[in-house]
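K.L.:
Read off the chains here:
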Amino acid sequence: MKNTLLLLALFSLPVQQVYASAKEAYKIYLNDKTKDKNKEIAHELIDGQYYFSAIPFINKYLEENTKIDKQLEDDIETLVVRTGTMAVLNLEEKRLQQFNIPSINLILGTRLFQKEKYKESLEVISQIPSNHKFAIEADLIKGSIKDLASLNAEALAYYRQCSDKAIRFESEGKYEKLKRYYTYLKETCLIREARLEIKNKNYSKAVEIYDQIDKRSYKWPYTLLEKAWANYYLKDYNRSLGLLTTYKSPLLSSYFFPEAEVLTALSYYNLCLYDDALVVVDHYYEFYKPKAQALKDILNTNKKSNTYFLDLYYADPSTRENLNPFIRNLITQTRKQVKFNLDLASLKNAKDELALLKRLKSKNDFTAQLEVNLDETIQFISARMNYYIKKEIYQFITDIHRHSYSMFNLKLELLSQKRNQIYRPQAKNQRDRGDVENINRTTSQYFFDFNGSFWADELGDYSFALASACVENKSEEEKK
Amino acid sequence: MKTIITTILLLTFSSLTLAQDKKNDVVYKYKDYDVIDLGSLEVKGEIVAPGDLTVVEREKKDFDKRLLEKNNFDLEIKREIENLR
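Quick mapping for you: the protein sequence lines, in order, are chains A and B. All residue numbers in the first sequence are consecutive under this note's numbering, ending with 483. All residue numbers in the second sequence are consecutive under this note's numbering, ending with 138.
Hints listed in this document are in silico derivations from the structure and should not be mistaken for laboratory results. All C-beta atoms, glycine included, are put in the ideal place defined by N, C-alpha and C. Hints should not be assumed to be uniformly reliable.
[To be verified] Partial list, derived from the structure: chain B residues whose beta carbon lies under 7 Å from chain A:
# : residue
1 : K55
2 : T56
3 : I57
4 : T59
5 : L62
6 : D78
7 : L120
8 : L128
[Claimed, not checked] Cut-off 25 Å, straight-line C-alpha distance, at most; resulting in silico cross-link-like pairs (SDA-like, lysine to any residue):
#  : chain 1 : residue 1 : chain 2 : residue 2
9  : B       : K123      : A       : G87
10 : A       : K218      : B       : L120
11 : A       : K202      : A       : L181
12 : B       : K123      : A       : Y408
13 : A       : K354      : A       : K364
14 : A       : K339      : B       : L120
15 : A       : K292      : B       : L120
[What the hints assert, rightly or not] If you anchor each label on the Cβ, the simulated ranges turn out as follows:
#  : chain 1 : residue 1 : chain 2 : residue 2 : range
16 : A       : A318      : B       : E122      : 33 to 43 Å
17 : A       : D355      : B       : N125      : 49 to 59 Å
18 : B       : E122      : A       : N305      : 34 to 44 Å
19 : B       : E122      : A       : K63       : 47 to 57 Å
20 : A       : K118      : B       : E122      : 25 to 35 Å
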């Protein structure tokens with residue numbers, strides 16, 4: 004009984020603190036006539052963990068004032084951590100440029116990057132101190148700007164700084180969620196390093212870096228395709244095919260990339276296995292054409308809705324079962340995106356906050372105003388998430404069309420090669436399928452015997468063992 | 054009238070008989086053999102078309118059907134920053 008009381012007391016403590024802070028905020032709302040009124044209300048609300056309720060007051064203060072003291076700087080930083088970019092949502096870039104604190108610089112720099120104003124973005128982001136907690140993201144953005152400008156050495160330096168800092172912050176992090184976020188940033192920067200190595204044609208080095216990504220990581224399935232490209236350029240087409248086959252595993256059924264199909268066909272093409280390549284090309288059109296049409300239909304029918312796609316996410320399993328399996332998988336893929344998860348957490352927190360406000364005993368015009376604001380914020384987050392899913396679907400359709408063009412070109416090339424084969428009747432078209440001799444292995448790669456192992460352990464380590472038909476054709480010509 | 058027609062017919066027949074007799078007088082004589090020296094033959098003029106039966110090889114047209122390459126990850130970089138927070 005004593006323990007129960009103690010637990011109840013412990014749980015009720017934050018709630019009491021929350022009520023106290025809301026009360027304090029109300030007092031300031033009534034009595035404060037200074038220009039700092041909105042700032043102080045926001046501070047009290049943040050103190051009481053009413054993060055989303057505090058947003059309009061912070062925005063209003065920043066619209067009217069340019070002075071940011073230490074307390075406000077800390078409050079904005081807390082809001083950025085808790086609510087993301089929504090902290091200064093209503094403020095235009097021109098206005099944001101008048102402030103110079105790391106949290107606002109990060110938001111402004113990201114916005115300018117998205118508008119492809121890279122020079123301005125770099126200037127703003129560079130003002131974030133190198134030891135600040137936002138420095139990891141700052142290095143990532145700086146590296147991206149240099150990368151896009153093909154200043155590879157500078158980009159690599161920023162990416163390395165980014166992953167080093169992320170490793171340090173990850174080990175020092177107190178909360179599991181925060182640690183996971185730093186792991187995500189570390190892996191993002193590592194992948195960027197690997198991509199730069201591909202850009203610099205250091206393909207073996209790129210593969211080594213990709214191998215550092217843990218198989219349990221959220222990022223790992225995405226690296227398979229990139230690693231397959233690195234192996235493709237190393238002319239290890241069998242390894243490339245093996246990596247792409249991983250996507251056929253039931254565990255990765257929600258990951259499908261049109262680009263992976265193109266690379267599969269290209270790998271067969273380079274092994275001169277034209278019939279196999281043609282099968283992949285034909286399958287692409289058969290498989291993706293109706294899918295693209297189904298997605299287009301669903302987009303057109305619900306383009307004006309602000310909730311349809313988000314509702315699909317929340318739909319119960321039976322409703323989701325009735326959906327086209329492709330759309331269901333695409334939604335599953337979106338659910339695994341970090342951005343979507345952050346927004347999802349924000350939406351849940353905002354809803355909890357509204358519920359807390361509604362439970363307050365003493366209602367007044369201030370709490371009514373807070374409720375209206377929160378309601379709008381919830382609607383905004385929902386619409387943003389809905390838009391996010393919609394955008395993902397749209398991008399997917401675009402990818403399908405973009406790669407259809409690549410497939411078309413490849414098919415022309417394949418038909419041309421097939422015609423050449425007909426004019427070269429001596430060329431041996433028959434070939435044995437698979438031989439250990441055709442597998443390139445490094446010292447760290449070995450044959451999996453599956454004894455006492457979980458069957459998914461070998462995912463991402465497959466290799467085909469096909470002999471190149473090009474070699475056979477060549478040897479036939481040599482014999483002549 | 055009868056006399057006139059008979060006279061015309063007689064004249065026509067007599068001229069035909071005379072012509073036939075003249076043709077029979079022509080004697081055709083052929084050489085027993087003839088030698089043609091192809092090397093000494095000379096033809097004057099300009100060549101306006103290829104003399105031999107040949108097909109001129111046309112230059113192979115390479116259509117612009119570039120295969121997919123992955124030289125950069127610009128698209129992925131932009132999308133990642135968009136989804137940072």
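K.L.:
If a hint holds in the structure, say so; if it does not, say that too.
P.N.:
We went through each hint and held it up to the structure:
1. Given hint, B/K55 at the interface with chain A, is violated; its Cβ is 87 Å from that chain's nearest Cβ, farther than 7 Å.
2. For B/T56, the interface hint is violated, since its Cβ never comes within 7 Å of a Cβ in chain A; the closest pair sits about 89 Å apart.
3. At a threshold of 7 Å, the smallest CB-CB gap from B/I57 to chain A is about 85 Å, leaving the interface hint violated.
4. Given the 7 Å rule on beta carbons, the hint for B/T59 is violated: about 84 Å separates it from the nearest Cβ of chain A.
5. Hint status for B/L62 relative to chain A: violated, with the closest Cβ pair at about 78 Å, above 7 Å.
6. The criterion of a C-beta within 7 Å of any C-beta in chain A is not met by B/D78, whose closest approach is roughly 69 Å, and the hint is violated.
7. About 6 Å separates the beta-carbon of B/L120 from the nearest beta-carbon of chain A, less than 7 Å, and the hint is met.
8. Among the interface hints, the one on B/L128 is violated; its C-beta lies about 9 Å from the nearest C-beta in chain A, farther than the 7 Å criterion.
9. Note on B/K123 and A/G87: the hinted pairing is violated, with a Cα-Cα distance of about 33 Å set against a maximum of 25 Å.
10. Taken as a hint, the A/K218 and B/L120 pair is broken in the structure, with Cα atoms around 31 Å apart against an allowance of 25 Å.
11. Restraint check for A/K202 and A/L181: the C-alpha separation of about 32 Å exceeds 25 Å, so the hint is violated.
12. As the CA atoms of B/K123 and A/Y408 are separated by approximately 15 Å, the hinted pair is consistent with the 25 Å bound.
13. With a CA separation close to 18 Å, the supplied pair A/K354 and A/K364 stays within the 25 Å bound.
14. A threshold of 25 Å between alpha carbons decides the hint, and for A/K339 with B/L120 the separation of about 31 Å lies outside it, so the pair is violated.
15. Taking the CA atoms of A/K292 and B/L120, the gap is near 21 Å; set against the 25 Å cutoff, the hint holds.
16. The beta-carbon spacing between A/A318 and B/E122, approximately 40 Å, falls within the hinted interval of 33 to 43 Å.
17. Checked against the given bound of 49 to 59 Å, the beta carbons of A/D355 and B/N125, roughly 43 Å apart, lie outside it.
18. Checked against the hint of 34 to 44 Å, the pair B/E122 and A/N305 passes, with Cβ atoms roughly 36 Å apart.
19. For B/E122 and A/K63, the Cβ-Cβ distance of about 51 Å falls inside the hinted range of 47 to 57 Å, so the restraint holds.
20. Distance hint check for A/K118 and B/E122: the Cβ-Cβ separation is about 28 Å, which falls inside the suggested range of 25 to 35 Å.
Violation of the numbered hints given earlier is confined to hints 1, 2, 3, 4, 5, 6, 8, 9, 10, 11, 14 and 17; the remaining hints are satisfied by the structure.
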